[in-house]
Each structure stands twice: as C-alpha cells, then as structure tokens.
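Colleague: Residues per chain are reported as follows:
There are 2 protein chains.
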Amino acid sequence: MSYEELQSRFKRIGDLNHALAMLSWDEAAMMPTGGGAIRAESMATLSGLVHDLVGADETGELAEAALAEDLDDWQTANVELIQRDWQKARALPRDLVVALSTAATSCQQVWRPARPENDWAAVSNPLETVLALTRDKAQALADALGCDPYDALLDGYQPGLTKAQVDPLFAQLRDVLPALIDKALDQQDEPLPITDSFGVQRQEALGKTLMAKVGFDFERGLLGVSHHPFCGGEPDDTRITTRYNEADFLESLFAVLHETGHALYQQGLPKAWRGQPVGDANGMALHESQSLLMEMQVCRGAGFLDFAAPVVQQSLLGAPTDAPEWQPDNLLKLAKRVRRGYIRVDSDELTYPLHVILRYELETALLDGSLTIADIPDAWHDKMSRYLGLSTAGNFRDGCMQDTHWFMGLIGYFPCYTLGAVIAAQLFATIRERVVGIDEAIRHGEFDVLVDWLRANIHGRGRLMPAMDLIAEVTGEPLGSDAFLDHLKARYLDAA
Amino acid sequence: MSYEELQSRFKRIGDLNHALAMLSWDEAAMMPTGGGAIRAESMATLSGLVHDLVGADETGELAEAALAEDLDDWQTANVELIQRDWQKARALPRDLVVALSTAATSCQQVWRPARPENDWAAVSNPLETVLALTRDKAQALADALGCDPYDALLDGYQPGLTKAQVDPLFAQLRDVLPALIDKALDQQDEPLPITDSFGVQRQEALGKTLMAKVGFDFERGLLGVSHHPFCGGEPDDTRITTRYNEADFLESLFAVLHETGHALYQQGLPKAWRGQPVGDANGMALHESQSLLMEMQVCRGAGFLDFAAPVVQQSLLGAPTDAPEWQPDNLLKLAKRVRRGYIRVDSDELTYPLHVILRYELETALLDGSLTIADIPDAWHDKMSRYLGLSTAGNFRDGCMQDTHWFMGLIGYFPCYTLGAVIAAQLFATIRERVVGIDEAIRHGEFDVLVDWLRANIHGRGRLMPAMDLIAEVTGEPLGSDAFLDHLKARYLDAA
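So the protein sequences, as listed, match chains A and B. First residue of the first sequence: 1, per this note's numbering; consecutive thereafter. First residue of the second sequence: 1, per this note's numbering; consecutive thereafter.
Simulated from the structure, these hints should not be mistaken for laboratory data. Every value quoted in this text rests on a predicted model; they were computed, and no experiment measured them. Don't take every hint at face value.
[To be verified] Derived lysine-lysine pairs resembling DSSO-like cross-links, with alpha carbons at most 30 Å apart:
1) B/K11 <-> B/K88
2) A/K163 <-> A/K489
3) B/K11 <-> A/K11
4) B/K163 <-> B/K489
5) A/K208 <-> A/K163
6) B/K88 <-> A/K11
7) B/K489 <-> B/K383
8) B/K208 <-> A/K208
9) A/K88 <-> B/K11
10) A/K163 <-> A/K88
11) B/K88 <-> B/K208
12) B/K271 <-> B/K88
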C-alpha cells in the first residue's frame with residue numbers, strides 16, 4: 001500500500017530529524033567552540049537530505065495514491081500534512097534555500113559582536129540581504145500555497161495561522177494593555193528582596209525536584225545548561241536547559257518551569273505516531289501556550305507558590321524558615337513584579353505582549369515594503385515610546401538589535417509568543433471551569449489531573465487538526481483575548 | 001575532475017559520520033534510557049546511508065577515474081582507501097549486515113543481565129548465531145579481498161594487519177610473560193594505601209588540570225562521564241569520558257590520562273584532510289598505542305609522578321603534604337602494582353597481554369571452526385590456569401562472559417589492545433633515543449616536545465601509509481616485542 005510506503009519513508013525522515021534535534025541540543029548545551037564549523041556542515045548536509053526526501057517526486061506520488069486508500073483520521077491527517085510539506089519543499093528553489101541560510105549565518109555572525117557595540121551601521125546591509133531573500137522565500141511559498149506572503153511565513157511556525165486571525169487579537173491587546181500597565185504599577189506592592197546567593201548544584205537540585213513534581217519524566221529526558229534556556233530533543237529524549245544566576249534563583253527556577261511546560265507537551269505527544277508529521281507538536285504558538293500555561297498560569301500563581309515555598313526553603317536553605325521574604329506571599333510578589341523595560345526576554349507577563357506587537361507591526365511592514373531597513377530604528381523608538389513610554393533613540397543595543405530573530409531570517413515567529421500567552425489563558429480558564437478542584441490540587445502539589453487533562457486534550461492529539469481548530473474545539477469557542485485580559489486583571493489589579 | 005567529485009562525496013559521508021560519532025558519544029554519556037529505541041533506529045538509518053553512499057557504483061567509478069588523474073601522495077592514498085572501503089561495502093550483502101546487526105543487538109541484550117547471573121546457558125545460543133553470521137561476514141570479505149577470513153576481520157579494526165604479523169609477537173610474549181610476572185610479584189614492594197575518598201568535582205578538576213597540561217585542547221573537546229571510559233567525537237570536537245570512584249581517585253585519573261592519549265591523537269589528525277578517509281585515525285592498534293604511550297609509558301612512570309604528585313596533592317587535599325603515601329615514590333608503587341586477576345579491564349600492564357592472547361587464541365579457533373561455542377568455558381579455564389594460574393571453572397561471569405566483544409560480533413578486535421602496548425613501547429624507546437632531554441622535560445611537566453614529535457611523526461600523518469609501515473619508518477625497524485619486554489623488565493624488575 002502506498003500509505004505504508006509513505007509512512008516508512010517518513011520514519012526514515014524522522015530518524016534524520018532525530019539526529020538533527022540531538023545535534024542541535026548538543027551544539028547549544030555541550031559543544032566546544034572548535035566543533036562549530038564541522039557541526040554546521042554536518043547539520044546542513046542532514047537538512048539537505050531531509051529536504052530532498054520530503055520534496056522528492058516519489059513523496060508527492062505516494063501521498064496522492066495514499067489518499068485514495070482506506071485511511072483512518074490520523075492517517076488522513078498525516079498524508080495531508082505530508083502533502084503540505086511536499087508542496088512547500090518544492091516551492092523553494094534549492095538555490096534560494098542555500099542563499100538564505102548562508103546570508104542568515106553571516107548576518108548572525110555580524111550581529112553578535114555588533115550588538116554590544118551598538119553598531120547598527122554594521123548590521124543594516126547584511127540585514128537588507130536577509131530581508132530580500134526572506135521576501136523571495138515568502139513570495140515563493142505564497143505562490144505555491146495561494147496565500148499572502150506574511151501568512152506563508154507564519155505558516156512555517158504555526159501552520160494555518162493567518163494575519164487576519166492575529167490582527168484583531170493584537171489590536172485589542174494594544175488598546176487595553178498600556179492603561180492596564182499604568183494601573184498595575186500604581187497598585188503594585190514592592191516585594192522584600194531575597195539577597196542570598198545560591199550555587200548551581202542547589203539550584204539544579206531544586207529545579208529537578210519541581211520538574212519531577214509537575215510531571216517531567218526523567219526516564220525520557222534531562223536538564224542541562226545553556227546560554228539561553230530552551231527545550232530540545234524529541235518525545236522520548238526531551239532535553240531542557242536553563243542558565244544559573246547565583247544572585248537570583250527565581251530567574252533560573254521559572255525558566256526551568258517554563259521549559260518543563262514545553263517538555264510535558266513534547267513527552268506527551270502520541271506514542272503511536274513517533275516520527276510522522278501527524279505525531280509532531282502542533283506549531284510554535286501552541287508549544288508556547290504549554291510553557292506559559294505552566295509558568296504563568298500555574299507556577300507564578302498563589303496556589304503553586306503555597307506548595308512550592310517550603311520545597312524551595314528546604315532545597316536552598318536546608319530547612320524551613322519563618323523569614324518573611326521566603327513566605328508564599330512574598331514569593332508571589334516577586335513572581336508577578338511588573339516593570340517597564342527595554343528587553344523582551346527580561347520582561348514580565350503584562351508588558352511582554354507590547355514588545356511582541358511592536359515587532360509584529362514592524363515585520364509585517366518590512367515584508368510588504370512599507371517599511372525599509374533604514375526606517376527600523378526610528379520606528380522602534382516611536383512604538384516603544386507610545387506603548388511603554390521608553391525612548392530607544394540611539395540605543396540600538398537595547399532596541400532594534402536586541403533579538404536574534406530577524407538577523408537569522410525569522411520573520412513571522414514573534415506573534416507565536418503572545419499567541420501562546422493568549423491560548424494558555426483560554427485553555428487554563430477552561431480547565432478551571434471543567435476540572436473540579438484543580439486550584440486545590442495545585443495548592444497541594446498534585447499535578448496529575450492537570451497533566452492528564454493536557455495529555456488527553458492537547459498533547460496526545462499531535463497534529464490531528466489545525467491548532468486553532470483544536471483550541472476552539474477544546475475550549476468551546478474560537479481563540480480570543482478575553483480570557484488572557486481577565487487573567488491579567490485578576491492577577492495584577494484585584495490583588496492590590 | 002573525478003577526484004574533486006569523489007572528495008566532495010566523502011565530505012558528505014564525513015558529515016554523516018560526524019553525526020554518528022556525536023550521537024554515539026551522547027548515547028553513552030548523556031542519553032536517558034527512554035531515548036534508546038529511537039536512537040538505535042536513527043543511528044541505523046544514518047549507518048545505512050553511509051553504507052549506501054560508500055558502496056554505490058558511482059563511488060567505484062569515480063575512484064577508478066580519479067586514479068588516472070594527476071594526484072599527489074595524499075590524494076592517491078585517499079583514493080586507494082576509498083577503493084578498499086568501496087570493495088568491502090560491496091562484499092557484504094545488505095541482508096547479512098542487517099542480520100548480523102540484529103543478532104548482535106539481541107545477543108547483547110541477553111548477555112547484559114546473564115553475566116551477573118553467571119548464566120552461560122542463556123548466551124550460548126545467541127552467541128552461536130552471532131558467530132555464524134560473523135563467519136559469513138569474514139568469508140565474504142575474505143573472498144573479496146583475497147585473504148584469510150580472520151585477516152579480513154582484523155583488517156576492519158587495524159587495516160592491513162595480518163595473523164602472520166600477530167602470531168610471532170604474541171608467541172614471544174606468551175613464552176616470556178609468565179616467568180616475568182612471577183619474578184615481578186616476588187620483588188614487588190607493597191605501596192602504602194591512600195584511604196581518603198574524594199568527590200567527583202575535585203577529581204574532575206584534577207583530571208582537567210592534567211589533561212590541559214599534557215596538551216588536550218579544550219577549545220576542541222571536553223571531558224564527560226560514562227559507565228566505561230572512552231574517547232569519541234571527532235578531531236575538532238574530541239570527547240573523552242571517565243567514571244569516578246570516590247574511594248580510588250587513581251583509577252579515574254589514569255583512565256583520564258589514557259583517554260587523553262587517544263584524544264591527542266584525534267585532535268592531531270591532519271587538518272587539511274578532515275572527513276576524508278586519509279585524514280582518519282590509522283587503525284585501532286595505533287590508536288591504542290597513543291593512549292598507552294601516554295598512560296603506561298609516560299604517566300605511570302617515575303618522572304611524570306614526580307611532576308604530578310604536588311599537583312595531585314594541591315587539587316585533592318588543597319595543600320602540599322609530607323604524608324608518605326602522597327609522595328612520588330609511593331604513587332609510583334600504586335601506579336605499577338601487579339596483581340594476577342580474572343578481569344582484563346582491571347588488569348595491569350604486565351598481566352594484560354596474557355588476557356588478550358587467551359582471547360586471540362580462542363577467537364581464531366572459533367573462526368576456523370576448530371573450537372565450538374560449547375568448548376569456550378573449558379578452553380578459557382584451561383588457558384587462564386596455564387597463563388595466570390587462575391581457575392575459572394564454573395565461573396563464567398569472571399571468565400568467558402566478562403567482555404562484551406564477542407557477544408556483539410567483534411572478533412579480531414582484541415589483538416589491537418596488546419599490539420597497542422607493543423607499538424607504544426617501540427615508539428617511546430625511539431623518542432627517548434632521538435629526543436634529547438625528554439625524560440627531564442616530562443619530570444618538569446613539559447609535554448610540548450613529546451606532543452610535537454607525536455604530531456609530526458604519527459598524528460599528523462593520518463592514513464597516508466599503513467600503520468605497520470609507518471611504525472617501521474618512524475622507529476627504523478619492523479614492529480617487534482623487544483622494546484615492550486625491555487620496558488617491562490626495566491619497570492618491574494630493575495626497580496626492586
């Protein structure tokens with residue numbers, strides 16, 4: 001049967017993707033610098049093999065033939081996803097793929113030292129090249145898929161997502177958040193600072209304890225260290241990383257819990273569909289929703305911190321303490337502190353969406369040509385001033401040069417972060433409605449019910465249907481920003 | 001030009017081999033158990049791709065055409081090595097490769113729990129299957145290469161090596177060593193025991209200090225942990241591992257120094273030939289000679305321990321000490337202690353060759369059919385009694401079931417260990433003859449001269465010529481066991 005043949009072809013592709021996932025984790029977490037050149041070459045060769053296998057004539061022929069066979073829902077979805085991948089692989093001329101990858105690598109290499117030097121002039125030409133090639137890519141994909149070029153890029157990170165879905169959500173957030181931030185800052189109680197510093201070993205032990213508690217399976221994964229925390233690997237070998245700041249254990253701890261949310265998703269993907277597209281994670285926005293559901297909805301909440309405070313005391317101090325800065329109410333204040341800042345990755349739940357919306361507005365304009373590379377610094381400064389009241393005039397380092405994304409050709413990725421937050425809120429509101437006693441369970445350190453619900457409704461369903469359809473089905477309504485705004489108001493205004 | 005095309009084909013093969021090397025290191029040093037199944041599948045898919053690319057018609061055609069082109073010595077050697085690999089890849093039917101790999105994996109899985117249970121009955125049938133398929137493999141290779149079947153297997157580990165070269169070397173050792181061991185044990189001074197125990201962090205720091213001192217390049221490699229110490233990775237990303245025994249720091253330290261010898265070889269391979277067969281390490285015996293030259297010839301010697309004793313004291317105790325057990329003369333006694341034992345991997349320099357010779361005699365007989373699987377336990381007991389005066393009657397666990405090699409189809413590998421020791425001695429004798437002041441340099445912790453010599457004469461020459469020719473050229477005479485026996489007599493008899 002064609003279906004079986006197609007599936008075994010994708011099993012082989014899955015084997016190559018496994019190698020790529022592991023090499024990529026290792027590159028960030030283990031590799032000595034000298035290994036960089038051969039690693040890049042090896043990964044390019046593997047990616048090329050994957051691209052060739054996915055885009056081969058045979059793949060398209062087998063997929064077409066398979067659809068005429070007697071398939072169940074999962075098999076049908078699998079073939080349709082394969083057809084889509086095949087279409088996209090063929091839409092991109094190999095020369096363009098190579099040119100973009102080369103330009104992105106060299107632009108990255110310019111950007112890395114230029115950022116600390118605040119040297120915008122150095123990056124603007126390489127960025128121009130990357131942008132031009134990214135536009136070519138978007139156009140080629142748009143022609144093949146019959147859609148708008150920006151949508152074609154979005155589709156690469158969150159399949160099926162469109163600008164038409166993002167616009168109204170982001171418009172509402174952009175309208176409401178600035179005033180909400182003002183109010184929250186007015187009402188905010190300053191936490192007592194924790195000034196102790198803690199070594200890596202203690203922090204790591206605490207992280208692992210809480211990871212295991214919330215459901216991370218250490219038989220199928222591990223915790224490592226890298227410059228930026230991330231979740232990599234694959235379902236049966238899920239590898240997360242964090243970095244340790246001895247002066248601020250909460251930074252590393254919440255990073256671990258965030259990545260654990262990603263990891264639970266990955267470890268919960270449907271066992272029967274390993275290596276097949278239908279068994280993969282269902283897009284970056286949904287992936288981010290799982291990390292933010294864990295970090296923001298659960299772990300930065302009062303209930304979780306009631307449970308976690310004694311565990312934290314025991315792990316870091318060696319014994320319980322009555323000191324007020326270590327009590328749940330103060331940990332909560334530390335966990336939900338709002339501050340206007342320049343840097344997206346350091347920002348809190350409340351200001352984060354404005355960082356993303358700024359980037360979304362600029363990158364859509366860059367793609368349709370209404371904004372040029374030369375316009376970026378002023379446009380950035382203008383939006384930062386309006387959304388967060390901060391000037392980035394002349395400060396490229398903490399402004400338009402802070403993120404690596406555009407410099408490596410990632411346009412269409414940023415919206416996923418905030419969509420993830422929005423999805424997380426809508427999902428968690430549904431869980432609290434439907435799962436009786438969920439708040440109490442979390443307060444007692446019991447996470448099975450939560451994780452089981454996520455497995456049944458999200459994780460275990462892989463890519464059986466587009467993420468937006470899945471969310472609508474699971475929560476009973478299309479994705480909207482109401483639940484997210486309700487959550488923000490409840491957490492940042494009512495508590496004051 | 002055909003040569004260029006062939007070289008770029010092998011660059012791609014090198015990229016896949018890079019992935020395999022890294023996945024294999026990760027499997028031993030990092031991977032959680034749950035990742036085992038997909039890892040095995042991924043590595044099998046990659047190995048299959050390598051096998052197909054090496055053995056393709058095009059490879060043979062390009063190689064033949066390339067030899068008619070104007071090539072330098074390195075290019076010619078590269079093409080000849082490629083031709084040989086091509087010949088061997090085509091000699092083995094794909095069915096046989098898969099059958100052997102499957103049988104070896106399942107035999108391994110039976111062996112692992114059966115060994116602690118002393119359950120020879122459980123492994124004898126699976127081993128029968130592995131042996132039968134290994135004999136088929138040897139015969140297929142022998143037919144293609146026009147050689148003896150055992151030589152065809154040897155060639156897989158040390159290209160070009162033959163039983164005719166091994167036999168006289170081993171015969172001499174087998175004749176001389178038993179009496180030499182008796183004498184050494186008679187004369188041996190008991191060392192003072194070191195009873196302190198040291199945590200992993202201290203031991204690791206000490207290991208890294210001495211690695212860096214003898215020349216390991218940490219820009220292009222790292223030290224990890226695994227159940228059995230090994231050296232993996234590739235020249236620009238060389239990864240060694242050790243295991244830590246808190247009660248015996250010397251065990252881990254000498255393991256680190258042994259693997260560092262392997263690593264120096266790997267890091268010193270010719271930069272211009274990365275990924276090409278001619279740029280690879282020149283066989284397992286030569287590889288082992290580099291680890292044993294470092295561990296046995298250098299680091300277990302009096303000069304090195306004079307230099308290392310204060311470093312060890314400082315790293316482990318935090319300060320110098322006058323305690324007699326920590327002085328160089330006592331560390332030397334600990335480093336060269338001889339004991340007759342059952343277990344090859346735990347045995348010392350003097351008894352080790354007899355463990356290898358026993359295996360060599362049995363495996364050659366297994367391959368030519370003069371010994372059956374059922375005969376192994378008695379034959380093992382018989383030889384252990386004769387060579388080392390130890391009975392293994394009924395003790396399979398510490399006898400014929402102790403090593404993993406045969407159970408995974410590795411026949412022809414064992415001789416490399418002792419050939420490595422023999423080569424190391426002959427090379428080091430040459431170095432001491434030619435490099436003025438080498439003993440003093442080592443005693444002062446200066447290793448540049450040693451490493452430079454090895455780079456120029458061995459490491460940097462890759463596979464430009466067969467290892468046995470290289471040794472003869474470098475040392476001025478064909479490989480013999482005289483230098484090794486002289487070294488043993490000097491270290492274990494004269495000192496008494």
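Colleague: Give a verdict on every hint.
Modeller: Hints versus structure:
1. For the given pair, B/K11 sits about 19 Å from B/K88 by alpha-carbon distance, which is consistent with the 30 Å threshold.
2. In summary, the hint linking A/K163 to A/K489 is supported, as the alpha carbons are separated by about 26 Å, within the 30 Å threshold.
3. At most 30 Å may separate the alpha-carbon atoms for a hinted pair to count; B/K11 and A/K11 meet this at roughly 25 Å.
4. For a cut-off of 30 Å, the pair hint linking B/K163 to B/K489 stands: about 26 Å separates their Cα positions.
5. For the proposed pair A/K208 and A/K163, the alpha carbon gap of about 39 Å is over 30 Å, so the pair is violated.
6. Between the alpha carbons of B/K88 and A/K11 the distance comes to roughly 28 Å, so the proposed pair stays at or under 30 Å and holds.
7. As the CA atoms of B/K489 and B/K383 are separated by approximately 24 Å, the hinted pair is consistent with the 30 Å bound.
8. Between B/K208 and A/K208 the alpha-carbon distance is near 27 Å, which keeps this suggested pair within the 30 Å criterion.
9. The hinted pair formed by A/K88 and B/K11 meets the criterion: a straight-line CA distance of about 28 Å does not exceed 30 Å.
10. A C-alpha spacing of about 19 Å is found between A/K163 and A/K88, which places the hinted pair at or below 30 Å, so the restraint holds.
11. At roughly 40 Å between alpha-carbon atoms, B/K88 and B/K208 are farther apart than 30 Å, so this suggested pair is violated.
12. Taking the CA atoms of B/K271 and B/K88, the gap is about 26 Å. The hint holds against a cut of 30 Å.
Of the numbered hints stated above, those contradicted by the structure are hints 5 and 11, listed in ascending order.
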